[in-house]
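Construct the entire structure; sequences and hints are all you get.
Line by line, the protein sequences give chains A and B. Our numbering applies: residue 1 is where the first sequence begins, and numbers increase by one. Our numbering applies: residue 222 is where the second sequence begins, and numbers increase by one.
There is no bait here: all hints are sound.
Short, incomplete list of chain A residues facing chain B, as computed with Cβ under 8 Å:
| id | residue |
| --- | --- |
| 1 | 41 |
| 2 | 53 |
| 3 | 56 |
| 4 | 165 |
Hints are computed from structural coordinates only; laboratory data are not their basis. Model, not experiment: these values are computed from the prediction. Just so it is clear, CB atoms sit at the ideal spot from N, CA and C, and this is done for glycine as well.
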Amino acid sequence: MAHEHDHDGEHGHDHAHEPSDPEAARLALRAEALEALLVERGIVRRESIDAIVARYENEIGPLNGAKLVARAWSDPEFKRRLLTDARAAIAELSLPMGETATPIVVVENSPGVHNVVVCTLCSCYPSSLLGLPPRWYKSPPYRARVVREPRAVLREFGLELPESTDVRVWDSSAELRYMVLPERPPGSERASEAELVELVSRDSLIGVALAGPPAEAPRER
Amino acid sequence: MSAVHDLGGRPGFGRIEREAREPVFHARWESRVMGMVYAIRRANWLNLDAFRHGIERMDPARYLAASYYERWLASLERTLPEVGALTPGAAPPPAGPYGFEREVGAPARFAVGSTVRVRARKPVGHTRLPGYASGKRGTVVSVRGGYVFPDTNAHGLGEQPQHLYSVRFSARELWGESAEPRTSVCIDLFEPYLEADPVPSSAEETRDGA
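So this is what it looks like as structure tokens:
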């Protein structure tokens, strides 16, 4: 399968200059042509697109999920509400949210239970809460493999689970969006809620990592 | 023949490529496509199910090679003319109720703990029944309420709301001998995808997962 071009370092993902390969240039032209037509017909306004993009680039991201998790670890009553009526619990924190048409369901990791989220049919993701998904989440290998061999996939992410742990995969096949509530890491008993936020990575909210000190950024590549 | 986008469990895929310090968008055009889709959906020009069906009709080889936002772009190019959005003077359909949750006229057929069997995935048209669940037995773990039914809504046949269930399947039920131990998959399935099954589903493996 063709791999998309890599973007390491200096070039790529830069808004200012031309895409370097012809295929990317064609896609950019197609997108531009469509946008121009939609604007001319009054279907969308450029400013609306600008505003949506800016919001998802700058405001909505995994920090929202990290704050919810830190609050849940600190406040058992909040945790109970988060697990039973996530919509109401999320509203308590006044987070910057996107379109909230799709209800969030929070699934809890506990000793002996590990949850991981996927969408095998497209790439449904709790974007209203966590921002746009990473590319690997949307990739055919993740979508194909994690339902069939979740332990092998998690191992690739550096997460080796005990054989005694139940692994529960959630395939988001309808309009519910799943977020994992990771286990509170050992040694964090005295951490403040603000310090706990730092322990919650995006990947731990998807279920491909545990919560913990953020030193473990993927090193390959 | 399975549809190309119906990827769950399909063999042959290799390593999952990850990117350190991944940007939100990899090119400006991706951000414009994302913004267009959100704006078009907000203005009710296109429903989500029709948009997804537009993606699913891509050439299979192109689908697999394309990036996420290329698929979005391809669907807009295909579906906007189909719904007449590009016809001069066209107006979007009147906005219905917000979101996807709806009342259903009939009571839910299944309850938490019900054993169900998944019907065969329909071969053509849009559906949200993943092929790997076809014919499999699982246990209802949550009754989610009524939702817009994608199988009709994608095709201009109305929302026809249906009860939605989270159904847990043991890995053994889904994958047989090759299943990893102590794993299960939970799938959100609409009532028309399901039939009652009196035989308990792979009891020993779903018990601790339910």
